[in-house]
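Asks: Okay, here's what each chain looks like letter by letter:
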Amino acid sequence: MSEASDQSRERVPKTVQVPAPTAWPMIAALGLTMAFAGLVTSFVVSAVGAVLLLAGAVGWFGEVFPQQHCELAEVEPAAAPVIAARAAAARLAVGEQGHRGILPLEIYPYSAGIKGGIAGGFVMAGLAVIHGVLAHGSPWYTINILAATAMANLANASTAALSAFDPQAFMVALVIHGIVSLLVGLLYGVMLPIVPRNPIFFGGVVAPLLWSGILYASLKVINPVLDARIEWRWFVLCQIGFGVVAGLVVARSERIHTFQHLPFAMRMGIEAPGVMSKRERG
Amino acid sequence: MATAAVSPIVPPVHAQWNLPRRGRAGILALILTETAFFSIFVAAYVFYIGKSLSPPYPRDVLSPPIVNTICLLSSSITIVLAVRALRAGHTRVFGLWWLVTFMLGLEFLAGTAAEWYGLIYHDHLTISTNLFGTTFYSLVGLHAMHVTIGLIMILVVMLLTAGGHLSRRYAEHTEMLSWYWHFVDAVWVVVFTTVYVIGR
Amino acid sequence: MEQEIALSAREQAELPLLGRLHEWVVTVDHKRLGLMYIGGGLLFFVVAGLQAVMMRLQLAVPDNHLVPPQVFNRFLTMHGTAMVFLVGMPILTGYFNYLVPLMVGARDLAFPRLNSFGFWLWFFGALLLYFSYIGGDGLYGAGSAPDVGWFAYAPLTERAFSRGNSTDYWILSIFLTSVGSTATAVNIITTAFCMRCRGMTLGKMPVVVWLAVVVAFMMLLALPPLSAAQVMLLLDRFAGAHFFDTQAGGSALLWQHFFWIFGHPEVYILVIPVFGFASEIIPVFSRKVIFGYQVMVAASIAIAFISMGVWAHHMFAVGMTPAGNAFFATSTMLVAVPTGIKIFNWIGTIWGGKIRLRVPMLFSLAFLFQFMIAGLTGIMLAVAPFDWQLTDTYFVVAHFHYVLIGAIVFMIFAASYYWFPKATGRMLNERLGQVHFWLFLIGFHLTFDPLHFAGIHGMPRRIYTYQPGRGLEGLNLIASIGAVIQALAVLVFVINVVYSLAWGEEAGPDPWDAWTLEWSTASPPPEYNFAVEPEVYSRRPLWDLKHPDDPDWLYE
Ligand SMILES: [Cu+2]
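Residue numbers (my numbering), protein chains in the order written: chain A, 1 to 282; chain B, 1 to 200; chain C, 1 to 556.
A hint or two may mislead.
Think about it this way: if two alpha-carbon atoms lie no more than 20 Å apart in a straight line, the pair counts; the simulated SDA-like pairs of lysine to any residue are [what the hints assert, rightly or not]:
#1 K204(C) / K220(A)
#2 K220(A) / G471(C)
#3 K288(C) / P511(C)
#4 K220(A) / P511(C)
#5 K354(C) / P104(A)
#6 K51(B) / I355(C)
#7 K288(C) / I355(C)
#8 K354(C) / S253(A)
#9 K204(C) / P11(B)
#10 K546(C) / V10(B)
#11 K288(C) / E106(A)
#12 K288(C) / R100(A)
What the hints contain is simulated information worked out from the structure, not anything from laboratory work.
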């Protein structure tokens, strides 16, 4: 560093060329504005504006032709190159484990999230069916309610109709439940390693409560008919069931290192020589 | 954790450092924004084709200004020849081609003026007659205004040449002016197609 | 070749007041012009903000008579127009003016005189708009400002419906400021592409500069449609043309299309710069590099592209075809993808960092949350049937104020606290800054959170009063109290600026231990910016200089 700064200090010039200040552009702008303003005031204003615009343009041209007008600014004897880290923080040594690491260092594999989603989905479905049997004497009740989010005609159906088996509703509910379970499982797999402290508590309790709260608050406005059919205590229970199980499955799986620190070519499996610099190959 | 020992790593020396020229980037940016401006007027013209409630209609009164178009488009060639001559240092050849460019542009303006004169006094089409008049005069007029601005700048350069102030040093500047002129030409191609081909 | 010697900073300070003023008027220095943009913008911010407070006071209680209806219409028009064209645009272009050359290691913008022309055009255009209060009715009446709303829908702005000259003032002044902005855009693009210092390849430009380029391109493409439509309207009003004259077969919808082809990208012209500020401030106060530099830039470019094709989501209620509705609803929702990426990138930057909760960072954190909520209500409004229900209600007002204040104004404040020491050499007071932040945060949420619900309850926007007994009283009263608190917060900010200019703590060249080139020169920077033209090797040139043993360029 010291060598380099010595050199640069030698290169510091005494003066620097800067463009000379000029009022012509401002006069041109004033002229243009007045030329416009004449339209709503008086012809005279436009005429004066046109003259100013012309004068400004000619003056401006004179500033750059045949040579740009410049001034010499004296370089101030600044205490300039103030370049030092302020805080004397302890830093990882170059090459040390975690130096220039890309966070997070470890993640769960995507498969863990999928497994968690499947497991949680089964538990949730089981809880929901139990609720249907206990409250309405039919395992199909909650299934039909879920299908009703996509099938408008079901939302207005009678309780009796909702308690009966409907193959179409069953298929719709199965698809919705399956896809959402998988996606939420994946989301858990991605998010849990970056959640501070206890991931199972977050994934199993905090997230389901937040989600239920949002839904509870907004469903009244979005779909009041459906809202009237939902028993919120059971709803929360189902969500927590999913969250805890999915969280457990994810958290118990093996963490793997990310490969973000490796060069792009290596992550893509390209082994052509010359693709990576020497440094990247390590 | 340990505080690293200071062992500076010397950065690589930059080989060449070439950046595009300011004038070129500036003029291209200007052309881009002008293109957006024109395209709205063209869109309005196309949108109102055939929507006039009263005559005159385009097919009755418009005839394609072929001579005008040839003049304007060929001025794009002469301006290139002029700039090339200036780059080579032949100021007099430059002045000659530059003058030809100016005359061709002037012819275009005069032709447009004649066309408008006929439309206004013979066909009684003004900007307030109908939608055709509104869109025709505003689109063609906008283009003619750009031709006029270009001609004024060309005239200034011509006067400087006559006064002996122009040299090879300004080849780059005149080339930028020629880019603007090409743009005006290209716009004319679009305007011509819209007004005299599609719109008729 | 003879050349004059420029006055040094000290010599300038010794000039009499008039002389110093003259130095500012004739300047072509990008830093001074940038500060003039920002200063002018803040001035109009106060004016237009006071108009907003007046409107909120009028709406505080039902059937109020504080502001008469005609005056209310003028207030809402001038407030909207000024906040977009005289506050948002100039402040943000002012920052770009100031920062872009410093950040790319150049001594000035590419075309310094054009820059001065652009500024003065903007400034005189702005004065012309306010002059309408005196000359708005033309020669035959007293003055009155435009009252046609900031989007001035034709044919209601035709001569037949909008008499006098007030609408002409709106057209002419906004046209002039747009030309000024275009000049700045040309300058920024040219500077970023042609003036970078040695070693600063496009991939090593700071994110702010990248986003400045994106915004400049958007200005070049989005401002002309407005200007063109204004020219058409002017021809209608003065030359008897029929562009928007329905009686002659003109379209009542064309203006709306042209306006929103400009109007929607305009929102991004205002918000993308503050994305840039966030991408600069959040890393410095998290002590980490920006997460996903390339993706950040790519997402911004994607937003710019998509935003050009979504304009008609402002027009769901005019009755387009179902295909049109579906297209514009879908393209609008598509914006959420790159926007979401950016939010994740900022969170990724903060995550695991050593966060310093100074005032710029506080504003940035508030920005993150508020911008996300604004985005969510935006997606709600992108759903065409939902929009039919809520269009022209206070829900829309609350939504876009969440963007314009919750995101943009908050980040402008963050940037002010962050770069004030660079521009003036003194720190803004931290304690006053904290007071400012918390007051503004509370005031903002008191005002705009309830307005969402007022809108859902069906309160229409732009109406000067409302009737009692419709469940709107409480919400509006809270909103008005919030507006007053926001005004107080801005007052604290103004006091802070004045106080700190005189007695603020000396900043030194690099008070935040930051990494971009502007911090390598003195505060305030000398006229020539850098005595020696810098040379860079990575995206964080100052990190490389501070840590020669562990430079960034090894890892980029
Ligand atoms: Cu929009």
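Asks: For each hint, tell me whether it holds in the structure or not.
Replies: Verification of the supplied hints:
1. Between K204(C) and K220(A) the CA atoms are separated by roughly 51 Å; this puts the pair beyond 20 Å, and the hint is violated.
2. Pair hint K220(A) plus G471(C) holds up; C-alpha atoms about 18 Å apart against a cutoff of 20 Å.
3. Proximity of K288(C) to P511(C) is assessed by CA-CA distance (about 17 Å); at most 20 Å being required, the pair is judged to hold.
4. Between K220(A) and P511(C) the CA atoms are separated by roughly 51 Å; this puts the pair beyond 20 Å, and the hint is violated.
5. Taken as a hint, the K354(C) and P104(A) pair is honoured in the structure, with Cα atoms around 15 Å apart against an allowance of 20 Å.
6. For the proposed pair K51(B) and I355(C), the alpha carbon gap of about 63 Å is over 20 Å, so the pair is violated.
7. Taken as a hint, the K288(C) and I355(C) pair is honoured in the structure, with Cα atoms around 9 Å apart against an allowance of 20 Å.
8. Between K354(C) and S253(A), the direct Cα distance comes to roughly 29 Å. Violation of the 20 Å bound is thereby established for this hinted pair.
9. A threshold of 20 Å between alpha carbons decides the hint, and for K204(C) with P11(B) the separation of about 15 Å falls inside it, so the pair holds.
10. At roughly 13 Å between alpha-carbon atoms, K546(C) and V10(B) fall within 20 Å of each other, so this suggested pair holds.
11. Distance hint between K288(C) and E106(A) is fulfilled; the C-alpha atoms sit about 18 Å from each other, no more than 20 Å.
12. Between the alpha carbons of K288(C) and R100(A) the distance comes to roughly 10 Å, so the proposed pair stays at or under 20 Å and holds.
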